[in-house]
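Here is how the chains run, residue by residue.
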Amino acid sequence: MKALFRPIGAALTKAIAWFTARLHNEQTALQTATAFVAIAVIVQVLIPSSGLSILFSLLSVLGATNARIKPLHKWILAGVPLLVALPYAGTHNPSLAPLMVQMFIYIGLALGLNLVVGFAGLLDLGYIAFFAGGAYVYAIFASTQAAKFSPWFAEHAPQGLGGWWFWAALPLALAVAALLGLALGLPVLRMRGDYLAIVTLGFGEVIQVISRNLDTPINITGGAPGIAPINPPSLGPISLGSSTAIYYLGLLFTVLVGIAMVRLEQSRVGRAWAAMREDDIAAKAMGVPLIKMKLLAFATGASFSGAMGMLFAVKQQFINPDTFGFMESIGILAMIILGGLGSIRGVIVGAAAVTLLRFQFLRDISDYFANWGLPPAIDVTKYQPLLFGLILIFMMIYKQEGLVPAARPTVDINALEGANPPVSGKGASVAR
Amino acid sequence: MQEQLSILPQILTDGLIIGFLYAIVALGYTMVYGVLEFINFAHSEIFMFGAFAGFEVLMLLQKLNLIATMPELVSLVLAVLVAMFVAAAIGWTVERTAYRPLRGAPRLVPLISAIGVSFFLQDFARVIWTATRGNFHQAVPAIYTGSWTIGSIQVPHRAVIIMIAGVVMMYGLIWFVNKTKVGKAMRAVAQDRATAGLMGINVDRIISLTFVVGGALGGAAGALFAVRYTSVNPYIGFILGMKAFTAAVFGGIGNLAGAVMGGLLLGIFEALGTAYLGPLTNGVLRGSEYKDIFAFLVLILVLVFKPSGLLGQTTSEKV
Chain U
1 MKALFRPIGA ALTKAIAWFT ARLHNEQTAL QTATAFVAIA VIVQVLIPSS GLSILFSLLS
61 VLGATNARIK PLHKWILAGV PLLVALPYAG THNPSLAPLM VQMFIYIGLA LGLNLVVGFA
121 GLLDLGYIAF FAGGAYVYAI FASTQAAKFS PWFAEHAPQG LGGWWFWAAL PLALAVAALL
181 GLALGLPVLR MRGDYLAIVT LGFGEVIQVI SRNLDTPINI TGGAPGIAPI NPPSLGPISL
241 GSSTAIYYLG LLFTVLVGIA MVRLEQSRVG RAWAAMREDD IAAKAMGVPL IKMKLLAFAT
301 GASFSGAMGM LFAVKQQFIN PDTFGFMESI GILAMIILGG LGSIRGVIVG AAAVTLLRFQ
361 FLRDISDYFA NWGLPPAIDV TKYQPLLFGL ILIFMMIYKQ EGLVPAARPT VDINALEGAN
421 PPVSGKGASV AR
Chain W
1 MQEQLSILPQ ILTDGLIIGF LYAIVALGYT MVYGVLEFIN FAHSEIFMFG AFAGFEVLML
61 LQKLNLIATM PELVSLVLAV LVAMFVAAAI GWTVERTAYR PLRGAPRLVP LISAIGVSFF
121 LQDFARVIWT ATRGNFHQAV PAIYTGSWTI GSIQVPHRAV IIMIAGVVMM YGLIWFVNKT
181 KVGKAMRAVA QDRATAGLMG INVDRIISLT FVVGGALGGA AGALFAVRYT SVNPYIGFIL
241 GMKAFTAAVF GGIGNLAGAV MGGLLLGIFE ALGTAYLGPL TNGVLRGSEY KDIFAFLVLI
301 LVLVFKPSGL LGQTTSEKV
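Residue numbers (my numbering), protein chains in the order written: chain U, 1 to 432; chain W, 1 to 319.
Chain W with its partners taken away, still in its complex shape (with noise of 0.2 angstroms):
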């Protein structure tokens, strides 16, 4: 027990580390839900999409030989970049094709729409990685490999980088939203699409720029992704996806502080699970098989017991 006990400490770091980046998918996802109160499905292969393009830029970077003489921040923020403006324009693209001939459709239209979206993405990037490079599987040049030890805690660099861009990426948001002119305009198409229609607020402009951000966040958030595993493959999106999205339920989706709350309790919660599983059941059971599951459990309880969320107003359905 004693032993058990002595990891707390690494524990929680992981599970905190790994919130982030559930962290900063689950903005995207909130924002969306938060104008469109629909689910992006698609967001979690636009963040493949993302972490791919953050991969070929630092391909790019190691064939000119810049990574080893360039600052690695430099690298970093290159891949970051266009990493958002590739997910950017993926967003925008999804939106314009598969989402805006839907609007006022029955709800699951759209949804259906977006499955597809989602299916197509991924098999697409698949089908473009393994024609190109072979594989795809494919390994991430190495940057910030260093890594720094606070008593028996280990915290690689890497990790900060995903820390610090989710806090910077939350205040961002939220700055964006509530102070910028464009934010306003946005929070009243979500509010009532039609009457910020009559308000002199082109809607779909508006809606088409909640996809670029939503996008660009997702992009920033796969070359990060792509930066701290050091591997990407055309699927790292589905199951991130899904736990961003529980994420996004827990703190109460549309809420974005509440997104990024979502998911470091979530990192942690899983983290937690993950590693005391075992032992809690005598071997019996292994923890690291059964992770997944930890973020499923918690999205039915939150929905079962609180759908809200946790920071969430609870609205009634309009009828």
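Okay, chain U solo, but in the shape it has when bound (with noise of 0.2 angstroms):
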């Protein structure tokens, strides 16, 4: 088995090189760059139905904006595939939109998630949590539900507010996520890695239990039975309900997401994070103000996760609260361990890829088990943990850095002090 694999292996990591040291160069960067796109585009438009050929797309964008190329030819190349292919594959095959926004959505929880345990060393385990709250602020008034416990609401609105709360209740839902990154942020500033995760994990549990419990003394969350029908948002008298138009928006907070981190990750803040996730007794010593470092990374990560819930209400047009269990937590915690901890480009595919697994992959393989005439108590689609788990385990046994590994500047203490005893320095190391 090893014996096969690892030509493969050697063969794939080598063209990779080749390909990424093209797009690193100034000459052949801009080519190689249409090149990628244009084979993605045409894939994407010949194949549109399949997975794969989305999760192509979306490496091509990954590429083009990773090459070295003026800032208008990256916006150009990427916003081909993003704004016009993967569109059209949407309206090629109407199941095809929502697993696409519901990447984008992975992708923007994982990119924040990242931003708590990739940047700044914080292993959060209820991250769902803000999801949950994000999604509650803006169902809650774009629904009846609004009506059970307001009576200005009965009065005024009956059937919740209209498209535009979407936009007002943006800042409201990321308060809300961010407050709520406060609220578990504050007891859990002492504590070490392995008691966070397990509090951040009864955190997650009793938010789930309180929107679950909310419909009793005033019916707020609407109980187990949850919140349906949610108005869809809209843009002055265009109204954003069809499935390409939530796409749009999705791939707009994602985008914004994204840019967000990039800049997060460059500028005094992430700076501080890098260092209190390295050696939190060193940074402080340094002057990193850890207390208020360790509350911003909590709340500026759950007021993504808010953002996120609010573009699932959106697409759902239905939550209860089964929908923010840990699994949940877990599922985009395994994303950005796949991609790599701290990686950007590496959580974006990291979460492409665990999304495509669990929706399109498991599924196809479901189908194909069907016509073996398995029982249908074993129904694969259901192995969604299963598949998280193997993945945790794999990537912490076998590849700790992930498959897009951060690059982080290095040091070769070697060439710095002669060639002293080997000292083991690796690119990228899993935070403490």
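Because the hints were derived from the structure by calculation, they are not lab data. Incorrect hints may appear among the rest.
As the list claims (entries may be wrong) - Straight-line alpha carbon distances no greater than 27 angstroms define the calculated DSSO-like cross-link-like pairs of lysine-lysine that follow:
hint, chain 1, residue 1, chain 2, residue 2
1, U, K292, W, K306
2, W, K291, W, K306
3, U, K399, U, K14
4, U, K74, U, K14
5, U, K284, W, K306
Said to hold, decoys possible - If you want the footprint, here are the derived chain W segments under chain U, 3+ residues with CB under 8 angstroms:
hint, region
6, 106–120
7, 123–133
8, 295–307
Claimed, not checked - Some residues of chain U that are not near chain W, with every Cβ distance over 10 angstroms (derived):
hint, residue
9, L12
10, E26
11, A29
12, I39
13, K74
14, I76
15, W152
16, Q159
17, L161
18, W165
19, L256
20, A275
21, L403
Just so you know, even glycine gets a beta-carbon here, dropped at the ideal spot from N, CA and C.
Fit chain to chain and form the complex, with the hints in mind.
See the structure below:
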């Protein structure tokens, strides 16, 4: 088995290295990126329904945005698959547009969790709670739910607020999620990695229990059945309820989160987080305000999650507490672990790949086995936790830095001090 | 109010019983933590497999029509022993495959691997019992169905079994760790792994053994759970594991007597909270719905105000 995989792996690594080198060489970057995007678009148009062609399109976008070309060229090259080819595939196959929106949501969530775990080194297992917060903020007032506890709503807007509410709810959802983040962050300030993990896990459970039971004494969340239907957003007179419109909305949100991530990573705050992650005592000694930085990481990561939660409510038009379970938190963790902790590109790839595995690959396997007449009790589409567990275990054992490791500046100690005993300095290390 | 107070003895008894269950699961967490300073997230799933193993034994005995003819104690002991064996085997395998290769890695790495193992085992159990028995919710053949009535308090026989087992396991473990040679080696590894290795202790074997013993404890707890509640499913470990971990932290993690004490106190708090939250808020909040939150509140309060727990020693982090 190993003998079979090793040459394939070596060839693949070589091909990727050759390709990356061409993208980083100024002479060849533009033509390589253009060729990559062109092939991806052609594949996307020819085989629109395949999950793999979506992944390929996203990879071409990543390749183009990371190539050494002018920013204008980057935007044009990235725009073609994202603005044209993928929506085309979405209209071609009605089940594909929601899948792509789901993918955007997960990319946004994974980027946000990556901020907390990858940048700041705080393992958060209750990340979905903030997502729930954002979703409920929008959904409660964009449905008949608000009329159930507020006489004002019952009188003036029994069907909930109109599409404009989406834009008004956005800052509110960000604020609510950030406050939830602070509520979690304050008691855990002094906790170490493993305690932090279990407390955040408990926090996620608590938010789920509360959202399930806040139908008494006043019915705020709709209890276990949840809230449905949720009004679509609108832009002036134009309703944004169609799947294509939601696609563009999702794209907008995700691109904004992505840009924010790149800016944050390179900022003063991002460097403070990195210092805190690598060694909090040394960071404190260097004047990094640990408490402020930790709270900031929780609040910022949470607010991204809240925004994605709104998008989820819009896409689903229905939310209930079961959607915000522990499995989702672990699913997002599996995405960032697969892609590479702390690596923005890696996290995007990981999120896209895990989304496809969950919603396409498992279903394909299930369909394939259905022909074999396996008992219906063995429903492969339900194997998601198994998949997440395997991803976490295998990545930790075999490739801790992820599929697309974070490029961190490294210093070769041997070169500095002469060739003394080799000091291992892996480019990417997992945060403590 | 009078009516509320009259049920107090029953509530305390129920709390104590569930507390013993938390206590035996907490022993497994605290033991592994004591040696490795590592939360074995998969312990709750090892407990769950123990419950299923006990269930399978009782099903087999029922099929052979032995439950009715044999003394109940024999069925119980068989179920617990098989569950201990199965769970110990799983504990050993998990340590060997998912934790040992990561020893010496940064803290987060084995933790994430452990979460992965926990998820994998949970879903694996679901797959196995869905495939073999058609449904992952299973009813366990009932043994020890009677109960005693002392005054106004009802004590099921099954509950007494858990209490006895809890006390036996705690004292057995304390004896094992403090009085046997292997226990001494374990304490040495807990104190300083490198030095213990230099003193001729096979560190890998001791750590393996820790997981075997921890797993066996979890397995026994699982089988007792199956007997007590007469139903098993793959998700019984998750919340119970979190509460047991809370109990371990409450009592002072790494401290065996503390784990039992934490478990009992947590069980009683939870029972009181569940019973009286409704009446105290005039029925606005349903206590039973918020039951799982009490443990979490205890965890937060303990970690904020007394992170070393009730019986734990304060340790300063090594730099």
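Against the earlier hints, flag every one the structure doesn't satisfy and list their numbers going up.
-> Failing hints: none at all.
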